[in-house]
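Chain order of the listed sequences is A and B. Just so we're aligned: 88 in numbering that gives the first Met the number 0 is position 89 of the first sequence, and the numbers increase by one with no gaps anywhere. Just so we're aligned: 116 in numbering that gives the first Met the number 0 is position 117 of the second sequence, and the numbers increase by one with no gaps anywhere.
Be aware that one or more of the hints could be misleading.
Said to hold, decoys possible - Simulated pairs of lysine to any residue, SDA-like, Cα-Cα distance not exceeding 20 Å:
| no. | chain 1 | residue 1 | chain 2 | residue 2 |
| --- | --- | --- | --- | --- |
| 1 | A | Lys118 | B | Gly150 |
| 2 | A | Lys118 | B | Trp165 |
| 3 | A | Lys118 | B | Ser161 |
| 4 | A | Lys118 | B | Glu166 |
| 5 | A | Lys118 | A | Asp43 |
| 6 | A | Lys29 | B | Ile138 |
| 7 | A | Lys118 | B | Asp89 |
| 8 | A | Lys118 | B | Glu147 |
| 9 | A | Lys118 | B | Gln120 |
| 10 | A | Lys29 | B | Glu147 |
| 11 | A | Lys118 | B | Pro73 |
| 12 | A | Lys118 | B | Ser77 |
| 13 | A | Lys116 | B | Trp165 |
| 14 | A | Lys116 | B | Arg125 |
| 15 | A | Lys29 | B | Ser161 |
| 16 | B | Lys175 | A | Asn119 |
| 17 | A | Lys29 | B | Ser77 |
| 18 | A | Lys29 | B | Pro73 |
Keep in mind the hints are simulated off the structure, nothing from the lab.
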Amino acid sequence: MANSEDDPVAIPNEVRLFRRIHPEWVVYDKNRERWRPTSQNFQDSRDGTPMSVFAENLAQAHGELPAHFLLGRWSEWGLAAVVAGQVRELGQRVYPDPHNQDQDERFESHAAIAGSKAKNVMKQMSGWAEWVITPRARS
Amino acid sequence: MASLATRGSMRMDGLVDRRNEISTVEFEGSSASFFRAETGGRKPLLVRIRISGNLAPRMLVTIENAPAPPWLEPSIQSIGRLLMLPRNWDLEDAPPVQVSSAQWALEGLARFMGDASAAPQWTPTRAGGLQADWHQDGIDLEIAFDCEYPGGYVLFSDLRDSASDWEGPLASNLEKLRSIAESRLNGQL
Numbered sequence: 000m001a002n003s004e005d006d007p008v009a010i011p012n013e014v015r016l017f018r019r020i021h022p023e024w025v026v027y028d029k030n031r032e033r034w035r036p037t038s039q040n041f042q043d044s045r046d047g048t049p050m051s052v053f054a055e056n057l058a059q060a061h062g063e064l065p066a067h068f069l070l071g072r073w074s075e076w077g078l079a080a081v082v083a084g085q086v087r088e089l090g091q092r093v094y095p096d097p098h099n100q101d102q103d104e105r106f107e108s109h110a111a112i113a114g115s116k117a118k119n120v121m122k123q124m125s126g127w128a129e130w131v132i133t134p135r136a137r138s
Numbered sequence: 000m001a002s003l004a005t006r007g008s009m010r011m012d013g014l015v016d017r018r019n020e021i022s023t024v025e026f027e028g029s030s031a032s033f034f035r036a037e038t039g040g041r042k043p044l045l046v047r048i049r050i051s052g053n054l055a056p057r058m059l060v061t062i063e064n065a066p067a068p069p070w071l072e073p074s075i076q077s078i079g080r081l082l083m084l085p086r087n088w089d090l091e092d093a094p095p096v097q098v099s100s101a102q103w104a105l106e107g108l109a110r111f112m113g114d115a116s117a118a119p120q121w122t123p124t125r126a127g128g129l130q131a132d133w134h135q136d137g138i139d140l141e142i143a144f145d146c147e148y149p150g151g152y153v154l155f156s157d158l159r160d161s162a163s164d165w166e167g168p169l170a171s172n173l174e175k176l177r178s179i180a181e182s183r184l185n186g187q188l
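The following block holds chain A by itself, in its conformation from the complex (with noise of 0.2 Å):
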C-alpha cells in the first residue's frame, strides 16, 4: 500500500504529471486560441480513490512513454500535462501510487493528486493543463 503523504523528493514541484483527458471533455477556447481540457477531467476516481496520473521524471527512469498511456481502451483519449508544484499550491498530495490501478495495467509511474477536488479546483486544474497528446477527434 502507497503511502499516501505528499511526497515532494520522489516527485519535486518541477515535475510534469500527465492526466488522461476524455474525448467528450474537450472544448475549444478562443480566448487560448486552443482545445482545452474540462474541469470535469480533474477529479477523483468514482470509487473514492485519489485522481490518477503518469510522474514525468517516474516514467523516464522507467521507460515509459506518454504514448504507452493511451494504449488500447485508451486510444481515443487525450492526455494533458499539469506540474506538481502546482496543484500542490491548491492544497493537493502528489505521490508515487504504482499499486492502485486498473488490474491489467502496470505502470511504475503511476501516481496520485489527492486532496479535496471543489469545482474551483478542478478549474484551476483545467486552466493550467498543457497538451502532451490531443484526443483523435481534436488533431
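Use these hints to put chain B onto chain A, whose structure you have.
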C-alpha cells in the same frame, strides 16, 4: 418554421424564464413546448419537442414562429447527442446523461441568456448531468447542472481582472449573469 431532429430522449415540462416570459407546457404526454409570450412587438416563440420510439428514442424538435434565440437550436442538437451516451461512457461506470439534467440546463440558460448570446459548448458530467462552457472575450464561464446543483452552479473568471472571479449557484447570481451575457457572450462560437 424551423425544425430539427436529433437522437435522444427528452421530456421537458414546466420550463419558466421570467425575464423573457418563456415557459414550457407539457404537450401530448411525451412532448413539450417552449413558449415565449408576445412582448414588445416581438412575435411569440414556440418550440415543440416530441419524443418517439422506446428502443431507439428520437427527439424531434420543431421551432415555430422563428427566429428562436440563436443559442437554442445548437444547444438542443448538442444535448440530444449527449443524451445518447451509454452507461460507462467514461470507462468509470458513469450513468447516461439524465433527461432531467437537460431540462435543468435549458431552464437555467433561459433565465439569463439574451437574444444575441452565443450557445455554450455542452459536455456531460460524470454524475449524469451537463456542463455549459464559454471561453471567449476574455472570460471563462462554466455552469454545471447535475443532481448536486440542479439549478446550476457557476464558475466565472475574468482573464482581464482576476480579482473579479466568483462562483456560486446560478439562481443567486442572475443579475451578474445577465450582465455577462449582454457584454461578453455575444456572437457565434
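* When you check the alpha-carbon spacing of A:Lys29 and B:Pro73, does it fall within 20 Å? -> holds (18 Å)
* Pairwise hint evaluation, B:Pro73 against A:Lys118, where the allowed Cα distance is 20 Å at most -> violated (26 Å)
* **Hint consistency between A:Lys29 and B:Ile138 [alpha-carbon to alpha-carbon, up to 20 Å]** => holds (10 Å)
* Restraint status (C-alpha distance of A:Lys29 to B:Glu147 at most 20 Å) -> violated (29 Å)
* Holds or violated: A:Lys118 to B:Trp165, with C-alpha atoms at most 20 Å apart -> holds (12 Å)
* **Agreement of A:Lys118 and B:Gly150 with the hint, judged by alpha carbon distance not exceeding 20 Å** => Holds, at roughly 16 Å.
* **A:Lys29 paired with B:Ser77 [C-alpha distance capped at 20 Å]** => This hinted pair holds, its Cα atoms lying about 19 Å apart.
* Straight-line Cα separation of A:Lys118 and A:Asp43 no greater than 20 Å? -> holds (12 Å)
* Asked: Taken at face value, is the distance from the CA of B:Arg125 to the CA of A:Lys116 at most 20 Å?
  -> holds (14 Å)
* **Given pair status - B:Asp89, A:Lys118, alpha carbons within 20 Å** => holds (19 Å)
* 20 Å Cα cutoff - pair A:Lys116, B:Trp165 -> Answer holds: A:Lys116 to B:Trp165 is near 17 Å, not above 20 Å.
* Asked: Does B:Gln120 lie within 20 Å of A:Lys118 when you go C-alpha to C-alpha?
  -> Holds - the C-alpha atoms of B:Gln120 and A:Lys118 are around 18 Å apart, at most 20 Å.
In summary, the numbered hints that this structure violates are 10, 11 and 12.
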